[in-house]
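*Asks:* What follows is each chain in one-letter form.
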Amino acid sequence: MTLQWILDGVIAAATLALGATGVTLTYSNLRFANFAHGEFISWGAYLALTLAALAGSVFGTAEVAGPFSFGGRLLLAAGLAAALTGVIALVLDMLVFRRLRARGAAVTAVMASFGVSMSLRALLEVLYTSRPRYYSEELEIAMPLGAGLRATPDQLAVLGLALVTGIGVALLLSRTSLGRQMRAVAENPVLAEIVGIDVAQVIRLTWLLGAGLAAVSGVALGVLVQVRPSMGAELLLPLFAAAIVGGIGSVPGAFVGALVVGVAEAATVRYAGAEWRAAVSFVLLVAVLLVRPTGLFGRQP
Amino acid sequence: MSGWFAYACTFGVLALVQGIACLGLNLQWGQTGLFNVGVAAFMSIGAYTSALVTTAAIDGRLGGLGMPIVVGLVAAMAVAALASAAVGALTLRLRTDYLAIATFGVAVVVDLVARNAVSLTGGTLGISFIPRPFASFADRPVPFAFATFVLVALLAFGAYLVLERLATSPWGRVLRAIREDERAAASLGKSGAWYRLQAFTVGGALMGLAGALEAHAIGFLSPDNFTASVTFQVWAMLVVGGSGNNRGALAGAVLVSALWSLTGLATAAWFPPDEQARAAALRIVAIGVLLTLTILWRPRGLLGERTAVSRHLGGAD
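Going down the list, the sequences are from chains A and B.
This note's numbering puts the first residue of the first sequence at 1, with every later residue one more than the last.
This note's numbering puts the first residue of the second sequence at 302, with every later residue one more than the last.
Excised from the complex, chain B in its bound form:
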């Protein structure tokens, strides 16, 4: 019984961590129409930043400042935001596809640095002994897992509230206006490039937070935590849940994580050990088909974007 409870808590932590990244992606794609193929890279930047800021010093590796976790999380958001701002500033004035290609490049380079800059990232061996929250009762797995879950859930809920507030604010309305008709928005004096850059940066900061939380929740970090398949899953979460809708982003995160875990359990049980790699690939095929079918047949996803009309129009259509 307690084993299942701890498992459920751990599942919830990982699902909501991706949910936070998914909220960031929703701000970028759902509200603003910016295509980011480097979600995992921005999570990775956040994770490594926080790990370097909070771990104890180790010979032969940079960082190791031994700061509190909160400082690590803030630093993670700041560095991921900076990286997003740099990529955005470079590409957001150009063709929309250039952002996709550039973020894909960021994903390749971040993975390369994570694997090869051993003195910074620990290389393929990664970084271990990353401080975990509530470490004082780490010897009791159930309360420990539950406390971590509550912490991540509160942060996810906080991110949700902030994003909902932003979405209904004048700022959020400008973003949607630019997404729908940039020329009309420009005629009202709203610069598309500038607002897109802001949305892309805030979204990137959330991805950095998500990556850092994952590192602290697991206590260990390696380049394999942030492969292209993570980007792919976060996209599937947003599209299935309903892009443009923050509740959809979180619901999609829980749903796709559950599907991913269940199919993982199923393949582990049904396929012989030497066929496990093939079975794992089959799961990716399935998620890809799910993503593509949702785009084609139900572009709104499960929840979809609510039609936002100014209350001053008084229900007029």
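Next up, chain A with everything else stripped away, as it sits in the complex:
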């Protein structure tokens, strides 16, 4: 139907939003554009793949729950993968980024993240080869939603997951003491330290949250599409675009930005051809930088 592409765009936006939330949080709290963020998505997806396969070999054949192509086993694997990806991010911070922060070299941290991302992606190719993988061989039939729109149960599940996660993170930032601390560090780390906030602790939590959300978005993408070593790297530009369109540091902004990018990509696929999809993010990025560099919900840098 004619409006189906909008729904497809919204579903793509759901996976983007999870990743963009992580980008916007790490960007505002750690003060550098982390080019390795896309690799957290890929690593999360592959870790979940391995963990689910391990669980499968312990508990028997693949498990499917209800109308979905996945079951509790993949959910459990995704949770563990999110935690493990968080640990990877913490280790990288300890080995690389913390030292560069101490040196006060933000641009050098961007460059180091670029080197780290190439290594992490190539390492996935070494471990898993570049052959696409799938969580399940189950075929899913899209069900009618009314008004001529169709979606698979998996797609609706991802949509719901993204909404719940987004509201959860937004509440965490606005309603809890931890959220206030994170916003204080984003605003001014030195002042935050003076009023007694444990800045190092906040930075660790930012890494855990950002990398964990990236891993969840990787699993969601793996359920909807497939798992490939380059999946995260290809998502990096749309993620940056979504975070900047929404305004760096704003979680609702990341969601609105992801929606803009997702629907614009779907429109491009429909009206210009799928091969131009990746150019959309760049066009949106250029437009925002020209018209309103702070994004929709961002404050003055």
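There's no promise every hint is true.
[What the hints assert, rightly or not] Derived CB-CB ranges, DEER-like:
1. Leu127/A <-> Leu489/B: 37 to 45 angstroms
2. Arg150/A <-> Ala358/B: 47 to 55 angstroms
3. Ala102/A <-> Ala357/B: 24 to 32 angstroms
4. Arg466/B <-> Ala102/A: 55 to 63 angstroms
5. Leu145/A <-> Ala559/B: 56 to 64 angstroms
6. Ala200/A <-> Phe306/B: 39 to 47 angstroms
7. Val64/A <-> Ala559/B: 49 to 57 angstroms
8. Arg484/B <-> Ala200/A: 24 to 32 angstroms
9. Ile141/A <-> Leu383/B: 45 to 53 angstroms
10. Pro471/B <-> Pro132/A: 50 to 58 angstroms
11. Glu576/B <-> Ala142/A: 52 to 60 angstroms
Treat the hints as calculated values from the structure; they're not laboratory data.
Ideal Cβ placement from N, Cα and C applies to all residues, glycine included.
With the hints as your guide, set chain B onto chain A.
*Replies:* Same frame as chain A, now just chain B:
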């Protein structure tokens, strides 16, 4: 014997081509502190420009002007400079990271255009029959390879001399002043954004020249010549060689190219054919680790930036 000599010449050509791109990156990053994630894209822009200007006309493809190689090289520098100026004008007033993100976007879009705008770039099949210098004695591989090497070496040396001259000129001093303390430079009336834009544009032009030279040296061009891993290698060259130092940029280019070729030979010899893709990925892991370790442990690289103090201060510290 002559086989090895021709191989060494070809190696030298490719290493020095990347060396020229590395010199451009040194002007952007080493002297001015501008982070460019789209090195391969600006090389690609130069390569395709020169190919379109110099190849013979083909049905169904734009360009094909059949001009001399020199015209192609100049056009390559001009178009790459224009693209750099556009990206710079858009981002250099904003947060420093925005330049990195925007150049990353340029890399994605240039790759997309190279693969999909078939009437302009030949798509994934690329462009073949790009005129090569010294084509008149292409039937004798050794002198041909040597002549190409000498040409590229002269151009690299020329670029080096120009950049050294620029670095010690008042212009170069302004760039370093802005990099070190933009507010102090601004108080002397030097606009940071304007000088950064100039440095970024000149650096981009050098990358365009490097890409065009590679296209003419190989005689063939496809989107796979300019993947993200090329950007990554040029960065590794600059960081390992010593950013801020033009000699370091060239030395790093030769060193990292040699490492890349040697590990390539080693993996080809040691890994079975069906494991070659994995082995190639392992090489990228190694270069990434080398890059990150150099940033952490020896940020100056092998040669490092020389401390430049005005001679009027007479050795005072």
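*Asks:* All hints, please: hold or fail.
*Replies:* Do the hints match the structure? See the list:
no.	hint	result
1	Leu127/A <-> Leu489/B: 37 to 45 angstroms	54 angstroms, violated
2	Arg150/A <-> Ala358/B: 47 to 55 angstroms	49 angstroms, holds
3	Ala102/A <-> Ala357/B: 24 to 32 angstroms	58 angstroms, violated
4	Arg466/B <-> Ala102/A: 55 to 63 angstroms	37 angstroms, violated
5	Leu145/A <-> Ala559/B: 56 to 64 angstroms	60 angstroms, holds
6	Ala200/A <-> Phe306/B: 39 to 47 angstroms	58 angstroms, violated
7	Val64/A <-> Ala559/B: 49 to 57 angstroms	53 angstroms, holds
8	Arg484/B <-> Ala200/A: 24 to 32 angstroms	29 angstroms, holds
9	Ile141/A <-> Leu383/B: 45 to 53 angstroms	51 angstroms, holds
10	Pro471/B <-> Pro132/A: 50 to 58 angstroms	56 angstroms, holds
11	Glu576/B <-> Ala142/A: 52 to 60 angstroms	40 angstroms, violated
Of the numbered hints stated above, those contradicted by the structure are hints 1, 3, 4, 6 and 11, listed in ascending order.
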